[in-house]
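Input sequences plus hints: build the corresponding full structure.
2 protein chains.
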Amino acid sequence: MNTFAPALMTDQYELTMISAALKDGTADRQCVFEVFARRLPGGRRYGVVAGPGRLIELIKNFRFGPAEVDFLRGAGIVDETTAKWLAGYRFSGDIDGYAEGELFFPGSPILTVSGTFAECVVLETLILSVLNHDSAVAAGAARMVTAARGRPIIEMGSRRTHEDSAVAAARAAYLAGFASTSNLAAGALYGIPTTGTSAHAFTLLHDDEPAAFASQVAALGKNTTLLVDTYDIGQGIRNAIAVAGPDLRAVRIDSGDLSVLAQHSRELLDSLGAVETQIVVSGDMDEYAIATLAAEPVDMYGAGTAVVTGSGAPTAGLVYKLVEVEGRPVVKRSENKATVGGRKTAVRRHKPTGTATEEIVVSQGVPDHAANDRLLQRSYIAAGEPVDFPTLQESREHLRQCLISIPWEGLKLSAGDPAIPVTIVPTV
Amino acid sequence: MNTFAPALMTDQYELTMISAALKDGTADRQCVFEVFARRLPGGRRYGVVAGPGRLIELIKNFRFGPAEVDFLRGAGIVDETTAKWLAGYRFSGDIDGYAEGELFFPGSPILTVSGTFAECVVLETLILSVLNHDSAVAAGAARMVTAARGRPIIEMGSRRTHEDSAVAAARAAYLAGFASTSNLAAGALYGIPTTGTSAHAFTLLHDDEPAAFASQVAALGKNTTLLVDTYDIGQGIRNAIAVAGPDLRAVRIDSGDLSVLAQHSRELLDSLGAVETQIVVSGDMDEYAIATLAAEPVDMYGAGTAVVTGSGAPTAGLVYKLVEVEGRPVVKRSENKATVGGRKTAVRRHKPTGTATEEIVVSQGVPDHAANDRLLQRSYIAAGEPVDFPTLQESREHLRQCLISIPWEGLKLSAGDPAIPVTIVPTV
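Chains A and B are the protein sequences, given in the same order. If you're matching positions, the first sequence starts at -4 in our numbering and goes up one per residue. If you're matching positions, the second sequence starts at -4 in our numbering and goes up one per residue.
Hints may be right or wrong, so weigh each one.
No distinction is drawn between identical chains; accordingly, a pair holds when it is met within one copy or between any pair of copies.
Keeping only pairs whose Cα atoms sit at most 27 angstroms apart, straight-line, the calculated DSSO-like set for lysine-lysine is [said to hold, decoys possible]: (1) 55 to 79; (2) 217 to 79; (3) 18 to 217.
Please keep in mind that the hints were generated in silico from the structure rather than gathered at the bench.
Structure below.
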């Protein structure tokens, strides 16, 4: 069991840097760090900012308690001065960033952390862990939602990822437009609708399939989903309707050629008078599998592995870079990683119709912006105090609107360029 | 913050199945569930069992407290009978499985859970989450260790995955043979050696590179690693040796064409008299990048993204299936997922030289086994009580021995068949 505070979920070099900086007097230099992606994974056309809501809570409680400090001192990782500094740590700077549910592109400054070097650098691992994980899941999930064309998707991938990631993944998928999750902790923590009825084991436990279905209907009523593919799907559907009657809510199919099976199942259900009984399909669903089923009589999808692993891109490629020291822009100069220094401000420009056209990012200044433009950064923490920010529900709606606003090519599933260009204007 | 117990990190359908089974009297039927993989991801030649050490601790503490039960009842997910059952839950059955660090192949029964239907089914999500995550990381990490041919690898991927996954990933990478981790919580929880010195931000914070190096050496001594690629690598190395002297422990290069840079850096270090100063390389390291550097003068690797995301296979594809009810083998019959029912026992056969030749898995019986063979399952929990099992250090050594034992083709990085065949012998 993890008996250490989240503050220890950090990379050692942050603390050794703080040790050295406390010793040489640079620890208190005012710095600005920025989180951004150099590129989008695998030819994706947009990224989705996910995680700030979770992150701000974690930063608010980011403390090194006696157990953590004792470990660090005992292991010789920090000296006495640093141990004392850590024991008194509380972030007192500012954090600004893109709203949760906002789209981002290569170079978008999605989070800006300002304060002393030491108080900012110690948050690096936590900030990147939360944003890289949650944004990776949300980006893949958003593509699935687009592919599903309004049909609901259930997130059911908990078992395919770390037990704690599973809860955050359910949150990110809901942000991206999924209808519900199988993960109960996500329901309890974030108020996400939960769903789930039965597995093949439940059918196998019983003497036969009708007995299993009768038991489920007796316990959960007819407003339930019967899993009909344990033995033979056709017989399974007949058994389901025989037991529950034609007003059964739904049947689920978890294996086989889902296109053909959905058609046959619809015909069979209709022939049995179960014209309102829905068809739920699951099993290796990603955005491509969902798109393939667009024309089939499917009412709902269940997605697991692909959603919790970012559908081929399990991390969002976000980095945390020092861009300003005491008001002076700084930048790493080694080849192929040229970035622009200085604190950046971002605006997204739109046509009068509302379609986004470009993102302008200005270093140490504010871009010109007109009525159709939108400044993208907001305050999350001001002088160490968290600021109110939107609910998960509001962020979900914000993403929905953002996806409507990008040029239609941006919603294609194929690999391509970012949906809109980002122009970074260096310090004049 | 997660304020709910791990018992809530579960899929809703487990609890609805329990509700129905409590109602119809099947909840107490004696069952056997098995964890296995139908295939290895991406043409991998072996899987690595990782996670049991973490899992058994979590199962020992798997309880539904008042907060969890209140949520489930309040949300209408469980009825009163089930709520009462959950409140009294404590696993009282048996868990047997492959040792941590053991290899597995498609069909290997790596974990066997026996008890009543209800007490076993409720553990499904937790068991799969832990084993799927940890085994995915360990499998990719083991390939990197093979590719590194004895050179040490540092795990530094925390920032690329969920903050809690990061700690488990560091553990799995260490199990697989990594030398150390940057993750402090993994050091504190599991006794894994931690390492880490400085980032580019530390150099940028200072007025110039020599000032940053001098500060680091003043704080950490010459037995440290200076990051030399913030500006110009050649100048960085000259600055490093000028500041620290020729007995500096190591320099790190994090970008660029690492083959060429390692050669040039070695020549330069030697010309400066720093013949013992080591070269550490990092930046997008996976098993293929490591293999490419085999002939270069590299002393140590740092791996991040690839290791925490399973190097292309972020989940191990393990499933949890009901195989026996009241002593009777059961199996799902739908197409393409034919499995053999019944509790299985596994033996790995070896040549007299120690090379593994095959795995034999027998349903409801014990395979013949001779002196060179090894029964693969051991007890983890007996009648609800955890049994002593090997330390992480011992499991690490076990994996090292297992990798020596497989045919040499099994260690190739290219896609191929499993290193040894698994024959599953159905119930006679």
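Between the shortest in-copy and the shortest cross-copy C-alpha distance, which are at most 27 angstroms for residue 18 and residue 217: within, between, both, or neither? Result: close only across copies, 16 angstroms inter versus 69 angstroms intra.
Between copies, within a copy, both or neither: which fits residue 55 and residue 79 at Cα up to 27 angstroms? This pair counts as within: shortest intra-copy Cα distance 19 angstroms, inter-copy 36 angstroms.
Up to 27 angstroms between alpha-carbons, please classify residue 217 paired with residue 79: within, between, both or neither. Answer is between: at 24 angstroms across copies they meet the 27 angstroms cutoff, but 62 angstroms inside does not.
When held up to the earlier numbered hints, the structure conflicts with none and fits them all.
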